[in-house]
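Enquirer: Chains as they are written, first to last, in this note's numbering: chain Z, 513 to 968; chain L, 5 to 227.
Calculated from the structure, these hints are not laboratory results. Quick caveat, the model's predicted, so the values are computed rather than measured. We put the CB at the ideal spot given by N, CA and C, even for glycine. Worth double-checking, as some hints may not be accurate.
As the list claims (entries may be wrong) - With a Cα cut of at most 27 Å, we get these calculated DSS-like pairs of lysine-lysine: (1) 670/Z to 519/Z; (2) 227/L to 698/Z; (3) 744/Z to 698/Z; (4) 112/L to 90/L; (5) 841/Z to 90/L; (6) 698/Z to 112/L; (7) 698/Z to 85/L; (8) 841/Z to 78/L; (9) 698/Z to 126/L; (10) 112/L to 841/Z; (11) 698/Z to 89/L; (12) 194/L to 698/Z; (13) 961/Z to 733/Z; (14) 740/Z to 670/Z; (15) 841/Z to 514/Z; (16) 702/Z to 78/L; (17) 702/Z to 112/L; (18) 744/Z to 671/Z; (19) 880/Z to 962/Z; (20) 182/L to 702/Z; (21) 519/Z to 698/Z; (22) 112/L to 85/L; (23) 89/L to 702/Z; (24) 698/Z to 90/L; (25) 227/L to 702/Z; (26) 85/L to 668/Z; (27) 194/L to 702/Z; (28) 90/L to 126/L; (29) 83/L to 702/Z; (30) 182/L to 698/Z; (31) 841/Z to 126/L; (32) 514/Z to 962/Z; (33) 698/Z to 78/L; (34) 89/L to 35/L.
Said to hold, decoys possible - Computed footprint of chain L on chain Z; a stretch qualifies when at least three of its residues, placed anywhere within it, have a C-beta under 8 Å from a C-beta of chain L: (35) 521 to 535; (36) 555 to 561; (37) 881 to 888.
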Amino acid sequence: MKYQSQKIALNFYTAAVVLFLVQVLVGIIAALQFMWPDFFILNFNTIRTLHINALVVWLLMGMMGATYYVVPEESETELWSLPLAQFQFWATVLAVTLVVVGYIVMGIFPQANIEIFGTLLLNEGREYIEAPRWADILIVVSVLLFLFNCFMTIMKTKKFTAVQGVLLGGLTFLALMYLPGMFYTKSMVKDQYWWWWVVHLWVEGSWELIAAALLAFMLHKLLGTDVKVLAKWMYIEVGLVMFTGILGLGHHYYWIGTPSYWLWVGGIFSSLEPIPLLLMVWDAFRTTRETRGVVSNRIGLYLTVSHAIFNFVGAGLWGVIHTLPQVNKWTHGTQLTTAHGHLAFYGAYVLLIVAMIYVTVPSIRGAKEFNQSKGYQAFWWMTISMVFIVVTITGAGMVQTYLERLLGLDYVSVKANYNLWFWIFRAIFGVGFLVGVLILVVDVLTLGKKPAASGS
Amino acid sequence: MSNNAAKHLFIWGSVLCFVILIVLTVDTMGKLDSRAPEITAEVDAGKKVWHKYDCIGCHTILGNGSYFAPDMTKATVRKPKGYLKKFIMNPRAIRPDAAMPVLGLSEKEANDLMAFLDWMSKVDTNNWPPPPILAQAAAGKAASAGQVLFQQHDCAACHQIRGIGGVAGPDLTNAGSKQPDPEWHIAHLKDPAALAPDSAMPAFNELSDQELRDLAEYLVTLK
Ligand code: HEM
Ligand code: HEM
Ligand SMILES: [Fe+2]
C-alpha cells in the first residue's frame, strides 16, 4: 500500500464479509423453510428479503472498498477526504441497520408496514429493492458522497486512467440505474418494466463494467501486465457487455404484458451476452500465460481467474440456456431461475470481491508474504458447495418444468412431493458453503497480520 | 484497434444502444394500456396491499419474484375469487398444512386484492403461462359423462385423483369409499356449505340435474 487513506477499504471489506456470513446463515433458514415453513419466527418472505438484500449490500460495500483502494493507487495520491469516506462508511452501516430492524419488525407485525407520504414505511414489497423510500434516498446520498470523493481525488492529480474511467463510469451508471426503482406506478406491468431496469441493468450492465475494470486492475497488479494491452481488451469487453446487455433487457419483457416485439429484441441480444464474458476468461488466461517469473500472491491470481471462469459459467452459460423465448416460455419463474441466480451472483460478483480482497488486503497490511492456505480452503469449500447447490436446484427446476409446466401438475404437489429431496440436499450443501464462509471471514480478519510460516 | 478507438466504440456504442432502448420504452409505454383492463381505484388499492404484505417475497407474479409459492398471474382464472379470498384471509382454516401464514388481512384488503388479481389475470401476457402441452396430448380419454364434466369444470384445480390435481380440497382418490351415496354428492355440489360448514368449495348450482347425477355417479366409482 502506498497511501494511508487506502486503509479505509478494510472497513468496507470487513462489513462486507460479515454481511456475507449473515446472508448465508439466513439462506440456510430459507432452505429449511422449504421443508418446514414455520421453522423460524420470521416467515419465508422476510428471511428471503434479508438473504438477497444482505447479498446486494455486501457486494456494493465490497465494490466501494475496492474502489477506495484503486482510485488513490491509480491517481497516485491520497484520497481527497478520508473523514468523508469514514463518515460515508458509518452512515451506510447505520442506514443498513435501520432497514434490517424495519424488516424484522414488519416480519413479526405485518400491519406495521404502514403507508406514509404515499410510500411504505418498512418494506416496499418489491424484490431486491425492498428497502423503503427513505432508505433509497439515504443510499443514493451515500453513493453520491462516495463518487464525489473519488472524483475529487482524481482531480487532485488529473491522472484519469482507463481502469478508473470504466470503474467510476460503471459506478455512476449503477447509481443512475437505481432511480427507475424509486417511483410508484399503478400498473403492475409498468412496475415490473422499470424494476427490471434496476435489476437487469445492474447485474448485466453497470456491475459487469465494474467487474471488467477490477479484472484489469487485478491482472496488472498481480502480473505486471502492460496496462495498454489490458485497457484495450477491457474496452472491447465492456463495449460488448453494453451492446448485448442493454437491449438484452428484453429477455425479461417476454411475458409481463409488454408487446411481442420484445421476444425478438430480447432473444437476439441476450443470446450474445456470454461473448464478452468468454473474452474475459480468455483475457485472464492469456495474461497469466504470458507472464514470466513467479507470482507471489498466488491465491489472488487463483481467485481472479476463478471469478472470470465462473462469471462465464454462471451468468453466461446458466443464463443463455433459458434466455430464448421458446425455452423461457416453459422455464420462466421456475427453480431454474434460482439455480442461475445463485451461480451467476457467486461467479460474477462474490468471487470478484473475494479476489479483490485477497489481492489488496496483504498490501494494505504491508505483508509481503502471507499464509495462503486458508484462502484456498475457503475457496474450495464455497465453490464445491455452490456447484452442488446449483446442480441440485437445476434438477429441481427441470422436474418442476416437466411436471408443472408440461404435464400440468399442481405447483404445491410438485414442490412438496417430487422436489422434496432437492430441498434436503440444498440445505446440506448450504452447510458446506457456510463452512467456507466461516474460514473466509476468519482469514480476511487476520490475513497478513502475522508473518507467514516459511514455505507457505 | 487502438485504445482510443476501442474506448470511443464502447462509449458511443453504449449511448446508441441506450437511445434505442429509450425509443422502444416510449413505444411500449404507449401500447401497455390497450393490453390491460382499466385500473380502477380497487385495483390500485389491491396492488398496494400486495406490496404492503410483501406477497412477492413468497410468490411470483408475471413469473417474477420468489419461487416458494404458486404464480399469481392468472390466479383468478383457475380458481374462483370466493375461494381465493377465503384462503388468503385464513389459509390454515382451509388447509391445516398450508405453508402460507395468516397475515391478518382485513375484509377490505382481501376484496381489493381480488380486484387486483382479477385485473392481473386479464393482462395480455403473450399467452404465458402456456397450457401444459403434454397434458393436452393425454386428454380426451375420459370414459364416462361424469368424468368429462369433472374435466370441463376443472375440479382438478382443487382436487387430486391419484396424484394429479391441486391440493385446495381433499384428495378424491377414494371419494366413493368415503361417501358412497350419490345423493350426498349431488347435495354437496349444489351447496357445499350446507353439508360441510364454512366450506370453501364453490357451489356448482348452475349444473343441470342430469349433469349433477353424472358427476355424482362418477365420484362414487372412485374407490
Ligand atoms: C452477470 C451476472 C448475472 C447475474 C448476477 C444474474 C442474475 C439473475 C437473477 C438473480 C435472476 C432472477 C431474477 C428474479 O429473481 O426474478 C436472473 C434472471 C434471468 N437471467 Fe440472469 N444474471 C446474470 C447474467 C445473465 C446473462 C448473461 C443471461 C443470458 C445470457 C441471463 C439470463 C437470465 C434470464 C433469461 C432470466 C429470467 C429467468 C426467468 O424467466 O425466470 N442472466 N438473472
Ligand atoms: C448456504 C448457501 C445458500 C442457501 C442455502 C441459499 C438458499 C436460498 C433460497 C432458499 C432462496 C430462495 C429461492 C426461492 O425463492 O425459491 C435463495 C434466493 C437467492 N439466493 Fe441464496 N442461498 C445460499 C447462498 C447464496 C449465495 C452465496 C448467493 C450469492 C451468490 C445467493 C444468492 C441468492 C439470490 C440472488 C437469490 C434470489 C434469486 C432467486 O431465488 O433466484 N445465495 N437462496
Ligand atoms: Fe437479465
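Enquirer: The structure should be examined with respect to each hint, and the outcome stated for every one.
Expert: Structure-based check of all given hints:
A distance of roughly 22 Å separates the Cα atoms of residue 670/Z and residue 519/Z; the hinted pair therefore holds under the 27 Å criterion. Straight-line distance between C-alpha atoms of residue 227/L and residue 698/Z comes to about 50 Å, which puts the hinted pair past the 27 Å bound. This hinted pair does not check out: residue 744/Z and residue 698/Z have alpha carbons roughly 45 Å apart, beyond 27 Å. Distance hint between residue 112/L and residue 90/L is fulfilled; the C-alpha atoms sit about 12 Å from each other, no more than 27 Å.
The straight-line distance between the Cα atoms of residue 841/Z and residue 90/L is roughly 31 Å, outside the 27 Å bound, and the hint therefore fails. For the proposed pair residue 698/Z and residue 112/L, the alpha carbon gap of about 18 Å is at most 27 Å, so the pair holds. A C-alpha spacing of about 22 Å is found between residue 698/Z and residue 85/L, which places the hinted pair at or below 27 Å, so the restraint holds. Straight-line distance between C-alpha atoms of residue 841/Z and residue 78/L comes to about 15 Å, which keeps the hinted pair within the 27 Å bound.
Taking the CA atoms of residue 698/Z and residue 126/L, the gap is near 15 Å; set against the 27 Å cutoff, the hint holds. This hinted pair does not check out: residue 112/L and residue 841/Z have alpha carbons roughly 35 Å apart, beyond 27 Å. Proposed proximity of residue 698/Z and residue 89/L is supported: the alpha carbons are some 22 Å apart, at most 27 Å. For the suggested pair residue 194/L and residue 698/Z, the alpha carbons sit about 39 Å apart, so the restraint of at most 27 Å is broken.
Restraint check: the Cα-Cα separation between residue 961/Z and residue 733/Z comes to about 21 Å, which is no more than 27 Å; the hinted pair holds. Straight-line distance between C-alpha atoms of residue 740/Z and residue 670/Z comes to about 18 Å, which keeps the hinted pair within the 27 Å bound. Of the supplied pair hints, the one linking residue 841/Z and residue 514/Z is violated, its CA atoms being roughly 53 Å apart against a limit of 27 Å. Our distance criterion of 27 Å between C-alpha atoms is met by residue 702/Z and residue 78/L, whose separation comes to about 17 Å.
A C-alpha spacing of about 25 Å is found between residue 702/Z and residue 112/L, which places the hinted pair at or below 27 Å, so the restraint holds. Between residue 744/Z and residue 671/Z, the direct Cα distance comes to roughly 18 Å. Compliance with the 27 Å bound is thereby established for this hinted pair. Taking the CA atoms of residue 880/Z and residue 962/Z, the gap is near 11 Å; set against the 27 Å cutoff, the hint holds. Restraint check for residue 182/L and residue 702/Z: the C-alpha separation of about 49 Å exceeds 27 Å, so the hint is violated.
A threshold of 27 Å between alpha carbons decides the hint, and for residue 519/Z with residue 698/Z the separation of about 46 Å lies outside it, so the pair is violated. A threshold of 27 Å between alpha carbons decides the hint, and for residue 112/L with residue 85/L the separation of about 14 Å falls inside it, so the pair holds. Distance restraint check for residue 89/L and residue 702/Z: the Cα-Cα separation of roughly 25 Å lies within the 27 Å cut-off, and the hinted pair is therefore satisfied. Restraint check for residue 698/Z and residue 90/L: satisfied, since their Cα atoms lie roughly 25 Å apart, inside the 27 Å limit.
A threshold of 27 Å between alpha carbons decides the hint, and for residue 227/L with residue 702/Z the separation of about 50 Å lies outside it, so the pair is violated. Our distance criterion of 27 Å between C-alpha atoms is broken by residue 85/L and residue 668/Z, whose separation comes to about 65 Å. Of the supplied pair hints, the one linking residue 194/L and residue 702/Z is violated, its CA atoms being roughly 42 Å apart against a limit of 27 Å. A distance of roughly 21 Å separates the Cα atoms of residue 90/L and residue 126/L; the hinted pair therefore holds under the 27 Å criterion.
This hinted pair checks out: residue 83/L and residue 702/Z have alpha carbons roughly 26 Å apart, not beyond 27 Å. As the CA atoms of residue 182/L and residue 698/Z are separated by approximately 48 Å, the hinted pair breaks the 27 Å bound. Among the hinted pairs, residue 841/Z with residue 126/L is consistent with the structure: their alpha-carbon atoms are about 18 Å apart, no more than 27 Å. Simply put, residue 514/Z and residue 962/Z have alpha-carbon atoms about 20 Å apart, close enough for the 27 Å limit, and the pair holds.
Straight-line distance between C-alpha atoms of residue 698/Z and residue 78/L comes to about 18 Å, which keeps the hinted pair within the 27 Å bound. Simply put, residue 89/L and residue 35/L have alpha-carbon atoms about 31 Å apart, too far for the 27 Å limit, and the pair is violated. Residues of the region 521 to 535 of chain Z lying with their CB closer than 8 Å to a CB of chain L number 0, which falls below the three-residue condition for coverage. Counting residues of the region 555 to 561 of chain Z whose beta carbon lies closer than 8 Å to any beta carbon of chain L gives 6, which meets the minimum of three for the stated coverage.
Check on the region 881 to 888 of chain Z: 0 of its residues sit with their Cβ under 8 Å from a Cβ of chain L, so the three-residue criterion for coverage is violated.
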